[in-house]
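Put chain B on the given structure of chain A with help from the hints.
There are 2 protein chains.
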Amino acid sequence: MLEKRKPLPIHEAVGKIMDIKIDQETEIVPLKDSLNRFLAEDIKAKHDVPHFNRSPYDGFAIRAEDTRLAETGNSIEFEVIEKLAAGTVAEKKVGPFQASRIMTGAQMPDGADTVIMLELVKTYEKNNKDYISIKRKQHSGENVSFKGEDAKQGELLVQKGTIINPGVVAVLATFGYHQVKTAKKPVIGLFATGTELLEVSEELVPGKIRNSNAHMIQAQAERAGAEAKYYGQLPDDIDICYSAIKQALTEVDILITTGGVSVGDYDIMPDIYKRLEADVLFNKVAMRPGSVTTVAKLDRKILYGLSGNPSACYVGFELFVRPVIRTKLFSDKPHLRREEAWLNVDFPKANPFTRLIRGNLSFEQGKLRAEPSGLDKSSVVMSLAGANALIVLPSGTRGYQKGDIVDVLLLEDYEGSKGAFKGV
Amino acid sequence: MLEKRKPLPIHEAVGKIMDIKIDQETEIVPLKDSLNRFLAEDIKAKHDVPHFNRSPYDGFAIRAEDTRLAETGNSIEFEVIEKLAAGTVAEKKVGPFQASRIMTGAQMPDGADTVIMLELVKTYEKNNKDYISIKRKQHSGENVSFKGEDAKQGELLVQKGTIINPGVVAVLATFGYHQVKTAKKPVIGLFATGTELLEVSEELVPGKIRNSNAHMIQAQAERAGAEAKYYGQLPDDIDICYSAIKQALTEVDILITTGGVSVGDYDIMPDIYKRLEADVLFNKVAMRPGSVTTVAKLDRKILYGLSGNPSACYVGFELFVRPVIRTKLFSDKPHLRREEAWLNVDFPKANPFTRLIRGNLSFEQGKLRAEPSGLDKSSVVMSLAGANALIVLPSGTRGYQKGDIVDVLLLEDYEGSKGAFKGV
Chain A
29 MLEKRKPLPI
39 HEAVGKIMDI
49 KIDQETEIVP
59 LKDSLNRFLA
69 EDIKAKHDVP
79 HFNRSPYDGF
89 AIRAEDTRLA
99 ETGNSIEFEV
109 IEKLAAGTVA
119 EKKVGPFQAS
129 RIMTGAQMPD
139 GADTVIMLEL
149 VKTYEKNNKD
159 YISIKRKQHS
169 GENVSFKGED
179 AKQGELLVQK
189 GTIINPGVVA
199 VLATFGYHQV
209 KTAKKPVIGL
219 FATGTELLEV
229 SEELVPGKIR
239 NSNAHMIQAQ
249 AERAGAEAKY
259 YGQLPDDIDI
269 CYSAIKQALT
279 EVDILITTGG
289 VSVGDYDIMP
299 DIYKRLEADV
309 LFNKVAMRPG
319 SVTTVAKLDR
329 KILYGLSGNP
339 SACYVGFELF
349 VRPVIRTKLF
359 SDKPHLRREE
369 AWLNVDFPKA
379 NPFTRLIRGN
389 LSFEQGKLRA
399 EPSGLDKSSV
409 VMSLAGANAL
419 IVLPSGTRGY
429 QKGDIVDVLL
439 LEDYEGSKGA
449 FKGV
Chain B
29 MLEKRKPLPI
39 HEAVGKIMDI
49 KIDQETEIVP
59 LKDSLNRFLA
69 EDIKAKHDVP
79 HFNRSPYDGF
89 AIRAEDTRLA
99 ETGNSIEFEV
109 IEKLAAGTVA
119 EKKVGPFQAS
129 RIMTGAQMPD
139 GADTVIMLEL
149 VKTYEKNNKD
159 YISIKRKQHS
169 GENVSFKGED
179 AKQGELLVQK
189 GTIINPGVVA
199 VLATFGYHQV
209 KTAKKPVIGL
219 FATGTELLEV
229 SEELVPGKIR
239 NSNAHMIQAQ
249 AERAGAEAKY
259 YGQLPDDIDI
269 CYSAIKQALT
279 EVDILITTGG
289 VSVGDYDIMP
299 DIYKRLEADV
309 LFNKVAMRPG
319 SVTTVAKLDR
329 KILYGLSGNP
339 SACYVGFELF
349 VRPVIRTKLF
359 SDKPHLRREE
369 AWLNVDFPKA
379 NPFTRLIRGN
389 LSFEQGKLRA
399 EPSGLDKSSV
409 VMSLAGANAL
419 IVLPSGTRGY
429 QKGDIVDVLL
439 LEDYEGSKGA
449 FKGV
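Going down the list, the protein sequences come from chains A and B.
Residues are numbered in the numbering used here as their position in the first sequence, beginning at 1, plus a constant of 28.
Residues are numbered in the numbering used here as their position in the second sequence, beginning at 1, plus a constant of 28.
Bear in mind the hints are in silico, worked out from the structure with no lab data behind them.
This structure is a prediction, so every number in the text was calculated from the model and none was measured.
Check the hints yourself; a few may be wrong.
Since the list gives no way to pick one copy over another, a pair counts as held whenever it fits inside one copy or between any two copies.
[Stated by the list, open to error] Quick list of in silico lysine to any residue cross-link-like pairs, SDA-like style, CA-CA up to 20 Å: (1) K60 <-> E255; (2) K163 <-> Q429; (3) K395 <-> V373; (4) K60 <-> E227.
Bound-form chain A, shown alone (with noise of 0.2 Å):
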């Protein structure tokens, strides 16, 4: 007997997935290990930066007011009192008419104001002692980084959510974090179901193809943030299924399944739900590839039943996965990063559900511009590999023309949205 299903709108799917209390757990990485993990706590200065006043050039730090008088045709001349590296701490104070030879990132030593820089003065011995003259009126504070100028102690940094990158990973050094506090990634089980799938490494045989989902939503998880395990492939038997995905959920955050999705005779998926007793928030999408997606909930853990056909597969897990791990992560921008373009192509046929098309972003003079990066039937892996976003066509009566403006989702962005999808 055949199921009615009713298609719920992709944002309605997105918001009951939103709406569940989704866990957070952090965990400690030395910083060496931070790249693109994600921050578990604001970072604030520490301290000002910099943190003593210091010299941005190589040159002479000396009184501005000692300057006064100088011009071309009149030069000053500053007895040099001291040598200062950058990480030695002056012991000289500097007087009228003394300079002291201050190298770039070295502390300002007292007295002095401004520096002037080495290109500028003229050095001489005389009497064994070492001497500058100047012939140009310095500001007092001139090439002068002052404590503080570049962060004040207590200041918001960087925000809890954010994954680290080379930037990040330079403030948390510059703070001395030689640990960081970031979001503990999620683990993503996976089980492939269909009696049709090889392994990777085995010869083809008629009828059968190899397993592709299991890798590219590994991949999908990794790229989120997350985990994966994968657990091999289910038969279609459903107390062993059953047993599997028991044991499975211990170990897992979320659960997902690939195949075994849709409505004909060998699905088992909708029945391991009810033995499971998870409650299913939803188990159809009006949306194209991707419709007969299943999403349900058991306890603090979330079960996704993707479709088989590797295109329906992958925007399933962007769509309803990604913005979990996300959220998991500390991220307030879980979705994939909304943004609008103007289309390539013709779209000239309308759509009874909206479709979301692999495409390929590109810019013309700074303009977005959007077009599918193959063909756009659910079963064809090969547009994925050129995909970097997913043109939204919402569903309507009429088609889309090139030059109209669509919104995409960006697949390879660290930065996300809020929200991904408004009521379509």
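Coordinates of chain B only, in the frame set by chain A:
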């Protein structure tokens, strides 16, 4: 004595580096570890996809000609002779007015040339046999995914030098690449110089700062696709430095030192290049920050003397080291991706040198907008955390206004550019 240095335009500096013959090596990695690695070979379809005619739907495989007279008022009866799960091969040929129940993904049985969807038929039993009735005319080839429809054997699918994303993983899995020929990650050696530097785990003391550059460059190297090896800090002693650098050069492809490259009294790197008999390609670039960047060549290795200033160091890495790394990774677009963007702010002052502003790109209705990500002084680490681009402001006699179109170099990007600078 002050050495006179002739600043090179950026594109000439980059050109001198890219003229070096850069070695490329390959490494076989398991598919599951291949994400974000770079392909060392073109990926061609090893076989047609699909490699058999398959059904994209659950339904019944029939002969289209038998539905010639089917219409709302006239249903045609078919006897169901077989049930075809995905992964199985039909034993029976579909004859006139016969049908085989077929699942999504299953191979088409001989004789049949179309699939009618499950939802469109009436099923019933008669004399212990299964029948369906059809009220709709089908066309030959309707609802069949034909052999080779997605990809033809031998077709180029993914180019050498492409970064492996989840879609590429799916393609690799489809064709049985459980081992993938990738580019070997270049090894970047790293020394910090500067007596002012503390390790990240050390407490601050007057006049000293923590070494953020080493960690930042490690992260930049990783982001670019390389592996970094931090050798610690060099003291300001030329003999110790020379030995350490000479030893490190036997272990790495690229060697970076930070600091010790300006023209102050304590800078020793120029002497070290001389003793190594390295060929210095340039030691000053007409740009801010990063003007004191030195690049030298020694046999097939490249030595970089990057500025000790964090932002200058960061920019120097992205402009001069990254393209070498990406070339070693077989990319033919090794430079930072260059696009155009509208300035969101004024830069009223003229620049005598080309400026590279750490910037944040955003979209406004599909148009790329650029603005600084923080203070633009070369010592400022904070602005690096929020930077996703470098804004290029070529030198000139006037400033730049909000709304001007400028070049931007994308930092968090997978694609790159063939060339990053046009004559600046």
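Do the hints match the structure? See the list:
1. K60 <-> E255: both (19 Å within a copy, 12 Å between copies)
2. K163 <-> Q429: neither (68 Å within a copy, 35 Å between copies)
3. K395 <-> V373: both (15 Å within a copy, 19 Å between copies)
4. K60 <-> E227: between (35 Å within a copy, 13 Å between copies)
Taken one by one, the earlier hints fail for this structure only at number 2.
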